[in-house]
Amino acid sequence: MLVEAGHFALALALGLSLIQFVVPLWGARSNDPVLMAVAPTTALAVLGCIAFAFFALTVAYVTSDFSVLNVVENSHSTKPMIYKISGVWGNHEGSMLLWVLILALFGGVVALAKSSVPARLQANTLAVQAAITIAFLLFILTTSNPFTRVIPAPAEGQDLNPLLQDPGLAIHPPLLYIGYVGFSISFAFACAALIDGRIDAVWARIVRPWTLGAWAFLTLGIAMGSYWAYYELGWGGWWFWDPVENASLMPWLAGTALMHSTVVMEKRDALKVWTILLAILTFSLSLLGTFLVRSGVLTSVHSFAVDPARGSFILGILIIFIGGSLALFAWRAPMLRQGGLFAPVSREGALVLNNLFLATACATVFVGTLYPLALEVMTGEKISVGAPFFNATFLPLIVPLLLLLPLGQTLAWKRGNLLGTAQRLYAVFGIVLLATMALLAFRHGGPVAAPLGIGLGVYLVLGSLNEIVTRSWSKEKGLSMAWRKAAGLPRSTWGTFIAHAGVGLTVIGIAATAWGVEGLGSLKVGESLRAGAYEARLERVTPRVEANYREDVAVLTVLRDGREMGTLETMKRLYVTRGMPTTEAGIMTIGLGQVYASVGEMQPDGSVGIRLYHKPLVLLIWIGSVVMALGGGISLTDRRLRIGAPARAKAAPVAAVPAE
Amino acid sequence: MVIWIILLVMTALAVMAVLWPLSRHRAIAVQVDPDTQFYREQIAEIERDLKRGALMPAEAEAAKAEAGRRLLRATGTHSGETAAVGEPALRRRRAVSAFALSAIPILALAVYGAYGSPHLLTHPPTAQVRQQTEQLDLMRAVAQIESHLAQNPQDGRGWEVVAPVYIRMGRLDDAAKAYEAAIRHLGPEPDRLANYGEVLVLAKNGLVSAEAQAAFEQAVKLDRTSPKARYYLARAAEQDGQVEKAKAGYSELLAMSPADAPWTAVVRQELTRLGAPVPEPQPALAGQGGAPQIGAEDIARMVSGLASRLEAQGGTAEEWVRLMRSYAVLGQRDKAIEAAKRARQALAQDEKALETIDTMARELKLTDAQP
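As you go down the protein sequences, you meet chains A and B in turn.
Just so we're aligned, residue 7 is where the first sequence starts under this note's numbering, counting upward by one.
Just so we're aligned, residue 1174 is where the second sequence starts under this note's numbering, counting upward by one.
The following block holds chain A by itself, in its conformation from the complex (with noise of 0.2 Å):
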């Protein structure tokens, strides 16, 4: 019964949204504010169905409704709760019911920002909202109806896909997603903008807590991925250039451009056409994304069911909007006011620069994910381009991007000083170097790019660093005065810092993974095997049973120059009801590194197959990724009014302190 409503409510949402989308925008044009404010209470009222219907599916789940098929495909009674609370978004179609709600959640919130946002850019940004709301409704309602019933119901379901019970799906597609449709609100208002012809440093200042805030979510949400595919998959890698990662790292490089160049539109009211493409872009991606992964393109644990009928529906949305959007953007782009000007020398050239890198950066990835998918087409052959391609690509851009970072961080405003800058970033460049001199020395013989790796991400910290020193420091007044100082500097300055930190601890990280070691052999109980200054001996093989699986547990214990570490366990898993075999990992983290084994064959003769690595620091990846979206949720709850204040030409360089 409850099914039956939800099922109801979303058919409800379809109709509400349609209003939604027409209302306000004939209001709009005709400049009349009583069917303008149609569009809140309405994105309220959408929200309040999706809520219930996606409500209804969890308690389908939760109470085991096996006359609903999608939970007969996707859960078992004897699941644990979490997985059948989070094994409704853990299928294609409860997923696209998640993906909608947050869509309809994020309406809401714009609804509810009555004081911040003008009506009329609420009216439009609102109605391309249920533009968006509308195409996937219909979408979920035709080919991906998550309330299918069957009757008679099975006595039993099918069970989750092993891979997926796994706390990580609790938390990994919702983040994701936040990220994701949290673009879909920058593109709103960048439509709403080019519908009513005007754009301005308001907009940017209403535009840019939503897309800081999806980025944050995204940033997060694949740092989560990475993390998930590394414990789970027990191959030890944590990004292998798939096209489902890159379709998750083409928006996110797509909106870190974005946020930069907000950024600029708000305090120099320029960059405005470029921002706006910007925002139509990423959101684009981020639906090309979910083209790539959900219409079966392409073979991977987030394809779920694959359904032609779906994937060329997806491809209509796709064309609907890219093309919608973009032609719009054609038509109304040349009629917006451009902004002020600038010297190629200031924060905002380097904001400028950051943003060609970003996104030449971003077309490397996308030529690099759909040309082999274009070229299968085409011609049917089948190539693979791997991590090699991006090394060769990806690297020779990113690299310059992120040595420039704290050079344009510590420019002005409008003009800046080159030499003045790189003055002040002077002490480090010096501990910089001395760093990487005394790694090379201390890992004489190691792989070369790590010490130079490492060397880049201490620079990152520390030039992001040294804006914070440079701005309340001084000789005269002593440490407690330049701490009281840089307590009170903005929460931007503290953001960006801590954002920017957090790439130089990912670089580090991912830097280190080349001081990795690995070992590989077939063990009896007893044996030990050897990766680097760890050691894992073999203690027992010991079969174990669970409510819906059964496996096979090889307990290691881990030892360092003959003293032990503590014990490992890794397992290989067989789910009963699909009859899928999967291998968990066991890990102990050391530090900031991380001792890793997976359990392979185990042999008749009673030898278990073991691959044991040490992996120096590779716990600085994610924990950097976390400290960059930290530094966008700090950076989100400065909501001062912002202006950039230029230097003035005759200012002393060291004066020239740019301003927040």
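Since the hints were derived computationally from the structure, they do not count as laboratory data.
All figures in this text were calculated on a predicted structure; none of them were measured in a lab.
DSSO-like mimics (lysine-lysine), calculated; alpha carbons at most 27 Å apart, straight line:
hint: 1; chain 1: B; residue 1: Lys1350; chain 2: B; residue 2: Lys1394
hint: 2; chain 1: B; residue 1: Lys1350; chain 2: B; residue 2: Lys1377
hint: 3; chain 1: B; residue 1: Lys1394; chain 2: B; residue 2: Lys1377
hint: 4; chain 1: B; residue 1: Lys1224; chain 2: A; residue 2: Lys491
hint: 5; chain 1: B; residue 1: Lys1377; chain 2: B; residue 2: Lys1401
hint: 6; chain 1: B; residue 1: Lys1418; chain 2: B; residue 2: Lys1401
hint: 7; chain 1: B; residue 1: Lys1237; chain 2: A; residue 2: Lys491
hint: 8; chain 1: B; residue 1: Lys1525; chain 2: B; residue 2: Lys1514
hint: 9; chain 1: A; residue 1: Lys483; chain 2: B; residue 2: Lys1224
Over the 10 Å line for every Cβ pair with chain A, so calculated as not near, a few chain B residues:
hint: 10; residue: Glu1362
hint: 11; residue: Leu1375
hint: 12; residue: Asn1378
hint: 13; residue: Ser1430
hint: 14; residue: Trp1436
hint: 15; residue: Ser1481
hint: 16; residue: Ala1485
hint: 17; residue: Arg1495
hint: 18; residue: Leu1520
hint: 19; residue: Ala1526
Just so you know, even glycine gets a beta-carbon here, dropped at the ideal spot from N, CA and C.
The hints should help you fit chain B onto chain A, whose structure is shown.
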């Protein structure tokens, strides 16, 4: 009925969300132009920063000049007129109200009607809950059997028990594997082979595969009266396009089945569908007319086979009941009474089974079997 009211209320609320702001036109105050306000606040912010010392006076000056320029520009562009009053506004409002009142319910009902299952709205929830608790018990039992079988995979009896449960749960591949294991460990028996074949057919959505056909043929070889095997073999012939062979197969099956056998109705239907003459129901033992006749010896052999199997391995209440009925039909009343007694002993643990047996005993007037 309640649910329809709920749906109605939901629809009404949805329409209200649109109509409510339309009725509130007086409450909407003329908004301060947001742009000019923004720049005014920005200038105030610069003043504050200057006082706090976050900005140098020169910088503040420059910033203020820029904000002032933008403020001037913003005030120039704003039209300031709204069209909230007057006849056209009223007409627009009416049009939107009519649109919302019609579009939302019609669209929702049309979409729900096309994709929903409104007939399930009145599904009694209590039955569902009861079914679920039963399911949970079943699940626990299955999990136990599974772990038992994981440790003793050579327990053919266990495989045979779990197979029909798998069928009920819709795990047909597992059921087929279970029967296969049962055949491997307990040896081929006509019933077992026929059940195995049937699962293969179910797993293929009704198609009798070569593998299934082989199982049925072996079952018929071991017991040429096996009704299930004969039925599916006839169906296989039909699927292969050999309609005559199928007809003959069904007729034979009908001829050798007792008149009250549960499957005769199905077989008759198949025959009618294929357009073959359907023989009139006949007394099971008469054995006249049908092509290959089953002699009394055949029947006696079947019955004694069943009896000895039940003696040796035990069986379900249904099987015992079948044996009782067979004896009764053969006129061997004392043997029927004996079978009822044995059944009660064999199934003493099972309340439900005892009830079934008692019912049958009463039906067959084997009142001596009552304790």
